Every structure is written in structure tokens, then in C-alpha cells.
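Q: Taken in sequence, the protein lines are chains A and B. Just so it is clear: in the first sequence, position 91 is 91 by the numbering used here, and no numbers are missing. Just so it is clear: in the second sequence, position 69 is 69 by the numbering used here, and no numbers are missing.
These are computed hints drawn from the structure, not numbers from a lab. Among the clues, some could well be false.
Calculated lysine-lysine pairs in the DSS-like style (CA-CA distance at most 27 Å, straight line) [claimed, not checked]:
id : chain 1 : residue 1 : chain 2 : residue 2
1  : B       : Lys42     : A       : Lys14
2  : B       : Lys68     : B       : Lys1
3  : A       : Lys9      : B       : Lys42
Heads up, incomplete: computed chain B residues facing chain A, CB under 8 Å, no partners named [stated by the list, open to error]:
id : residue
4  : Gln34
5  : Lys42
6  : Gly43
7  : Leu44
8  : Ser46
9  : Leu49
10 : Gln96
11 : Asn97
12 : Phe98
13 : Pro102
14 : Gly103
If you're wondering where the values come from, they're calculated on a predicted model, not measured in any experiment. Just so you know, even glycine gets a beta-carbon here, dropped at the ideal spot from N, CA and C.
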Amino acid sequence: NAGVTQTPKFQVLKTGQSMTLQCAQDMNHEYMSWYRQDPGMGLRLIHYSVGAGITDQGEVPNGYNVSRSTTEDFPLRLLSAAPSQTSVYFCASTHIGQADTQYFGPGTRLTVL
Amino acid sequence: KQEVTQIPAALSVPEGENLVLNCSFTDSAIYNLQWFRQDPGKGLTSLLLIQSSQREQTSGRLNASLDKSSGRSTLYIAASQPGDSATYLCAVPYGQNFVFGPGTRLSVLP
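So that you can see chain B by itself, here it is in the shape it has in the complex:
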């Protein structure tokens, strides 16, 4: 069974800091990994999708890496801003469906 964990569960940083969010999965036979953002009371918005053949994917200040052999992905946020405050979730495909991590709640303080 695929299990996905995320560390830390919550993170509070001052504005301007660079930070790293971690996602781990137990079954490395995945073909992609997706990072999402969820604002309070809202749905999930896709941030980055990394294919298994890729090692990194970048979008603006966000950079996601994938290491299938170790069962890990990291989401790097550069120069954090208060608007980055949200919950960040990772998800991997499993069979016909997807398994989500529990999320990391990020607060960026002005």
C-alpha cells in the first residue's frame, strides 16, 4: 500500500526566508508526483507536476525535486512572501487513483 507523509506538519517563517517542504512515499514505482496548494476554505490548486523521468521542475519561486529511489520529493520556496501562506500537499498516483500526503501548513510572517 502506498503511504505518503509530509514533514514538517506546520512551519512558520519570517518573510524573505527560503524554505523546504518534504514529501516521502513508500512505493517508488510512481510515474509522477504532484504538489498542490490549498488556501483556507478553498480547493486544491496544482503547483507543479514532476514526471518520473525528471529530477526537477520549476515555476517562478518554486522548485520541486523528485528522487524515486529514496522515495522523496522536496518543494523549495525561494524568498517567501506572506501570500505563500497556505497548506501544501503532495500526491502520487497509485493504481488508478492518487494518494495524498497530510500536508504542511505554512505561515509566512510579514
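Isolated chain A, as found in the complex:
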């Protein structure tokens, strides 16, 4: 198993540009999520999904869109990048249930100029 994969690893954008961060998992997990990690702020939930076709907002959803057309993929879209979106983005997945371990991707380091 590849686990949770994310692309790209690094990205630099200019203010106002849009882009998609890719996330895929091959463990047939129902639950997938996106976090951003900022110094002093810890991990904050952006969006999550409990299955194909189902998405919902987390703690900090503004400026981001998600979709879940398949179980495997959960892309995160930045509609119009802002410097405040400079961060490290992590995708995670798990089975829904009581014995779940969360698996994280390696992260995407995004800089918005």
C-alpha cells in the first residue's frame, strides 16, 4: 500500500492564483480530511468527507473547496490564493469506527506571495 499520498510537495503561488492540492489513499478509507498546520496554531481542520459524494466544513473552510467523487481521492482547491493561506497542508484518512488509526500524507508546503 502507498498509504496517503499528496502532490505537490512544494508550491509557490502569487496572490489571486488558483490551484488544486491532490490527495489520494489506497486503504479504502471512508473518512478523509484536510488540515493546515501553522506555527503556534497547531493542526486546524479545513474540510472533511465521510464518503464519496459527502463533504463538510471544518474549523477554517473559507477560501477552500473540496469534492469527493471517489473513495480514493479528495482534492483541495484554493480558489483565489491569499498570503494568509501560506501554510503546510496535510491530508489524512481513516476508517470510520472505534478502532481507527489516522494516516497522514507527507504534506504540501504552500507559499503565497
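Got chain A; can you put chain B on it based on the hints?
A: Below, chain B without anything else, positioned relative to chain A:
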């Protein structure tokens, strides 16, 4: 609302010491707690998952305990090594999601 705190925020110890990292949560209605390790510039790696019915979970030199009634978990690292240097985070489920603590940054000096 579930809030998770970790003490200390940072810890520096000489190699070989045994140490304890603490995690506290405000809502004790959890069904598990997970400890993660994060190396600089990397993602999170799961270390231990404790179910609410368990009191302890062990993996090698790591031992995690869970006391739901007091809202606490501890991660015990025995005979620390420089390779243990990393940030350690705990996380608990809340609703359909998870709440993470801010982490403890550990440095083990050779």
C-alpha cells in the same frame, strides 16, 4: 467543545533518560486517543492508539496510558535516544472529526 492541551510545550533531556509527556482533554466522552510523532518538515506518524476500554498500550520503548475520568493521557518514553527527537502530538475524536493538541517538542541530547 473538546479542547486538548499538552504539557510541556518543549522538553530537552540527555540521552538515556526516561521521560513523560502529558495530554489533557476536556470532554471525557472519547472512544480512543492517539499519539503521533512529527519530524521536522514531515507528516504525522501514528505511534499508539488507545481504546477507551484500555488503560495502557505499549510499543517498544513507548507506553501510553489513558485515564478518561480525569481527562488525561501520558506517553512514557524509556531510555530516550537522539532519534526520539521530534514533536509528539495527541489527538482525540470529537463528533465526526479529531482534535489535536499543540504538541510537545522533544530534544534528546547525545
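Q: Return the numbers of the hints above that this structure violates; sort them in rising order.
A: none
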